[in-house]
Amino acid sequence: MLPQSIRWRIQAWHGFLLVCVVGALLFAFYGYDRAERLREIDAELQSTLTPLLPAIGGRPPPMGMDRGRDDAQPPPRDSEGRDEPPENSHPRGKINGSPDRLPEGIKSGRLYYIAWTPENIVRISSANAPAEALASFQSEVSATRSLRTRGWFREALHYGPDGGCTAVGISLAPVYQHLHRLAFFLVGAGIVIIALGLSIGWWVAGRALRPLIEITATAQKISGGDLSKRINPSDAESELGQLATVLNGTFDKIERMLEEQLRFTADASHELRTPIAVLLTQIQLSLSRERTPEEYKKTLETCERAAERMRLLVNQLIELARVDAGDASLVWEKCDLGRVARDAIEFIDPLAQKKKVTLQHSIESVRARADVMKLGQVFINLLNNAIHHNGEGVEVCLSVHRSGDKAVVRIADNGVGIPSDALSHLFDRFYRVDKARARGKGNSGLGLAICKAIVEGHGGTIRVESELGKGTEFTIELPAVESRKG
Amino acid sequence: MRLLVVEDEEDLRNGLEQALREEGYAVDVAPDGKEGLYKAEAWDYDAIVLDVMLPEMDGWEILSRLRKKKKTPVLMLTARDGVRDRIKGLDLGADDYLVKPFNLAELIARVRALIRRAAGTPNPVVTIDSINIDMAARTISVDDALVALTAREYALIEYLASRRGKVVSRTELYDHLFSEEDESYSNLLDVHVCNVRKKIGKDFIQTRRGHGYVID
Numbered sequence: 001m002l003p004q005s006i007r008w009r010i011q012a013w014h015g016f017l018l019v020c021v022v023g024a025l026l027f028a029f030y031g032y033d034r035a036e037r038l039r040e041i042d043a044e045l046q047s048t049l050t051p052l053l054p055a056i057g058g059r060p061p062p063m064g065m066d067r068g069r070d071d072a073q074p075p076p077r078d079s080e081g082r083d084e085p086p087e088n089s090h091p092r093g094k095i096n097g098s099p100d101r102l103p104e105g106i107k108s109g110r111l112y113y114i115a116w117t118p119e120n121i122v123r124i125s126s127a128n129a130p131a132e133a134l135a136s137f138q139s140e141v142s143a144t145r146s147l148r149t150r151g152w153f154r155e156a157l158h159y160g161p162d163g164g165c166t167a168v169g170i171s172l173a174p175v176y177q178h179l180h181r182l183a184f185f186l187v188g189a190g191i192v193i194i195a196l197g198l199s200i201g202w203w204v205a206g207r208a209l210r211p212l213i214e215i216t217a218t219a220q221k222i223s224g225g226d227l228s229k230r231i232n233p234s235d236a237e238s239e240l241g242q243l244a245t246v247l248n249g250t251f252d253k254i255e256r257m258l259e260e261q262l263r264f265t266a267d268a269s270h271e272l273r274t275p276i277a278v279l280l281t282q283i284q285l286s287l288s289r290e291r292t293p294e295e296y297k298k299t300l301e302t303c304e305r306a307a308e309r310m311r312l313l314v315n316q317l318i319e320l321a322r323v324d325a326g327d328a329s330l331v332w333e334k335c336d337l338g339r340v341a342r343d344a345i346e347f348i349d350p351l352a353q354k355k356k357v358t359l360q361h362s363i364e365s366v367r368a369r370a371d372v373m374k375l376g377q378v379f380i381n382l383l384n385n386a387i388h389h390n391g392e393g394v395e396v397c398l399s400v401h402r403s404g405d406k407a408v409v410r411i412a413d414n415g416v417g418i419p420s421d422a423l424s425h426l427f428d429r430f431y432r433v434d435k436a437r438a439r440g441k442g443n444s445g446l447g448l449a450i451c452k453a454i455v456e457g458h459g460g461t462i463r464v465e466s467e468l469g470k471g472t473e474f475t476i477e478l479p480a481v482e483s484r485k486g
Numbered sequence: 001m002r003l004l005v006v007e008d009e010e011d012l013r014n015g016l017e018q019a020l021r022e023e024g025y026a027v028d029v030a031p032d033g034k035e036g037l038y039k040a041e042a043w044d045y046d047a048i049v050l051d052v053m054l055p056e057m058d059g060w061e062i063l064s065r066l067r068k069k070k071k072t073p074v075l076m077l078t079a080r081d082g083v084r085d086r087i088k089g090l091d092l093g094a095d096d097y098l099v100k101p102f103n104l105a106e107l108i109a110r111v112r113a114l115i116r117r118a119a120g121t122p123n124p125v126v127t128i129d130s131i132n133i134d135m136a137a138r139t140i141s142v143d144d145a146l147v148a149l150t151a152r153e154y155a156l157i158e159y160l161a162s163r164r165g166k167v168v169s170r171t172e173l174y175d176h177l178f179s180e181e182d183e184s185y186s187n188l189l190d191v192h193v194c195n196v197r198k199k200i201g202k203d204f205i206q207t208r209r210g211h212g213y214v215i216d
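Going line by line, the protein sequences match chains A and B. Residue 291 in this note's numbering is what sits at position 291 of the first sequence, and the numbering runs on without skipping anything. Residue 141 in this note's numbering is what sits at position 141 of the second sequence, and the numbering runs on without skipping anything.
In isolation and in its complexed conformation, chain B is listed as follows (with noise of 0.2 angstroms):
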């Protein structure tokens, strides 16, 4: 799951990038609103972290100019909590809406249910077979025993089971598992994948040749 923050504030940019990093996310990050939009618009997010008072563009202009493209989830983050702000930004388009300052687990937490909502499946226990996707928790557990995963092998796998039976190319997967900052060498992501089927089973995560991967 790839993430954008568009925060100005330094101090809690990087907070908030190292806090959903340690949740298994790959972060992007914007100090202003030009470079968050172009970013916005750049990639396909997962989902957006994003501050409404910022230099350059402000967070509604980033909004409403973000929504005649693309439907990704945003999270909206100010400092102002009036009510009139809060259904101006639902009204432009904001998924969810917060107010600093903020309960981090809160923050993950709404981050969380905007991706899943987003990727139609609004419930956060995915079970294939035996085996049970927990992405509240984030945890897998096959027979009822929890399996141990690092934070990319279970974005891989909750990526590809809210999508379940689609095809999802390598590109794809690519773009939403690692950020800008990542070192992604070509094979590591069959190298995740090659971890995933020897601790869950072989059979979990199935290659289309020439195509991309698939959760059945």
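Bound conformation, chain A alone (with noise of 0.2 angstroms):
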């Protein structure tokens, strides 16, 4: 994988982030737990220090007069070195009365205590009290107590009015070793949780981004030539499922498209196919002996009839593409539907009569935006359709009207219906209801579907009702617009 991959780059953020969250929590931890414990060991200091005064010869200072510590700063190593209280040495000096006096602290050995005179003489010492405390230093300091930390020991220091100093001590070095160890364990969690942290922002990256590498390997198939393939929405809730369901959806679509082209096309070759059988047919019947005049003739208005239909299927796909082509084909203008009306009726009169069709037609004017030509196409369709279709003495009835802001335009006839299975299908291209006596008798099957092509590109919609033996109802309904009186 790329290091420019999503999952890189997210791994990477995590990385950034969770070293600096871990690194300052455990450094935090750290740094509390060492000023916790110097902070422990300057009360337990100072809290020797007072008892300790009388004991060995000083007096307790007077209260509220602590100078407050000194930050305990580890002392450098290699200057100062190791400096272990000596453990066997005697005491120097003498304590006032028992030494069971002393504090708990001093008992044990864990603190030494040393006291100065004012001249800077060890006037008296702890045994374990390290050989090189002795520096007194009071022209540093004014207060009666402070706190030091020297080498490798800390101190609570007590002035005494005389200017003698006695000071309680103790080794750093436990804490130190404490607090290295600590460093360790701590650095060696720290490298733990972020290793963790790290594989499991791998592993839920990869997981959350798994449906992605399938949507891609999917759309791969896809561009690849294989329609029928989907993306598996294997979580619905997460944004990559929705995004799956979504080009599931576009591809369905794609899918659907694609066959209807197909079949279409398939259609039409096929629509072509036949007229241009019967041609080659006859002429090559024609051709293959002599013939008389009137067989010649005969072939010829064969031929005529084949041509004738192969120009009305050019025609009416030449026109299915245009309208297909959308708003752009079309060529608007504000129009009274009603006068369209009329002069649809007007054109197909001469049929009616033929045929023995009652025409009738209910108009009111109603004003829209359309194409004129187109919409009148649709209309002598619809009724041509309704005279071809049913049989002498039908009625057959317009009517347009404004029904809010739409103009309904109705064509209805009292016929013979349509049988309900074929309703469904009746505007798919080159659907003929009546198959075995519709063909090459101008219908090209394309008729309704042209229709329904134009009422679209209107903005409009077309259905249609049909009752066997009672009837069928074309309904239009397109936009109308504010209609001026005229």
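Here are the simulated DSS-like cross-link-like pairs (lysine-lysine), alpha carbons at most 30 angstroms apart as the crow flies:
#	chain 1	residue 1	chain 2	residue 2
1	A	K334	A	K406
2	B	K88	A	K253
3	B	K39	A	K298
4	B	K70	B	K88
5	A	K229	B	K88
6	A	K406	A	K470
7	B	K88	B	K68
8	A	K221	B	K88
9	B	K88	B	K34
10	B	K71	B	K88
11	B	K68	B	K34
12	A	K354	A	K297
13	B	K34	A	K470
14	B	K166	B	K198
15	B	K69	B	K39
Calculated directly from the structure, the hints in this document are not laboratory data.
Take each chain as given, in its own frame, and dock them per the hints.
See the structure below:
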């Protein structure tokens, strides 16, 4: 996988954040622990110092004069060395009274004490006091009490009124050892947590992105030509699942459109092949031997029929292609639909009379934006169908009226009706209700498909209702514009 | 040889009928699937030219129903040239397949080949003694000299010659030489046999009294 991939980028950000957060947390923990331990030591030293003073001949200090404690810095190791308190050496000087009076920390040997004379000479010290912890520093300090870190030792100091100084101290070595171990432990824990977090993150990112990989693979198959493939929306709730659903819908639509297109092309070629077959057969038959002029005439008439049929079909295919191209092919103008309907009736009237069909109309003036020629074709086509598909004596009624912001055009007849199983296919291209009779008789099977395409191009709808033996009614609804009288 | 043409397109049907008639075949026609199946089942045609897209019942249906009863050679005609359609047609039992628009001469040649194969004589030239029957050219020659024959006379010889040695009954000959539209007088066959004997030789077609005719 490329480093530019989303998974890598997620992982990089995730890793960065994880290192920052875990690092900060562990560092803060270390700092807190260290400060807490030093604070405890300081408190113990202070609390030891007060009872110690009478025991070794100092006076307890007046209250409230603590100087506060120094920041306890670990001593630079190289310069000071690791100064362990000398263990079995004897204490110098004498304590007042029994050693039992000494505070607990000193009795146990954990703490040490040293007292200096004002001349900076050790007056008394415990046996475990570090050898070099002798320097007094009264000049540096003005308060009676202070805390200091000296090399590996922490000390609480008390300055007597006579200028003498008493110190209680403790070796910091165990604390530093502890902090050292803690640091190692924390770094180790940090590495483990980060490694675990990164691998979980890698896994989660991979899991979350797996649908993307699947989508890519499926889309590749589809672009390779296998349109039946679909993405398996494994997790429909997630964003990628939704994407998969949307894409599947798109693929469905594309597949349907392509199938429709393929079927249309196959149908169109089929419709053209038949008249060509007629032409070829007739011509080849004619040429196969000498014929009489009557025979030639008959052949030519047959050929003319075939050619006429192809002309009609080609014209309608072009028409359909134009309407399919959409808005651009329509010539828009504001017009009166009532006028368009009246023109259509006028046009079809001779045919109606010839077929003994009664034409009725109920037309009111409705203004709309439309392509007058195309819409007129739709009306004529529907009237023509009503006249052709029903027997003599049928009544056909064309009505135009306004309903809200819609113009409603109805073309109804009381003829034979259309079988219900055919109704849903009526507007399909090359669909014919009566397959036996209709073909080749000026019926390409495209008329209603063209009507539908034109009406839809106008932003309208066309639908049909029919009952066998009762009649058929086509209803067209078109958007009307505000009517202006006149 | 009697053929059935099932085709709904009137102009095409008429053209095919005329062309096949002129080739000397007796031709019946059917304008839709139902009638096509009825005729195909009712008669022993030598071959059927069957359109796929038919009203009432399509060509596939006719073919699959017919195949349960008869082995009549079928040439499918269709306006669809998809490979799948061709495979479907052949798998359903069609013997040959032709896509519209077709060449008329090719269609006739394929019909001839179908009939020959069905009769078990795939070789278009049959030689009986000194008589050559060229089923491709539809000519007969005796000692390399062409004999002038009518289409019906040729058809009679071809039918008997492709069943050489088998006695063919008069009814069978009537069924295969005359279409339903032909006026067939009962002695028409005798007239044709007599003419053939005059033109080719007295013993070429032999009569088996009470059974029929045979070419040995």
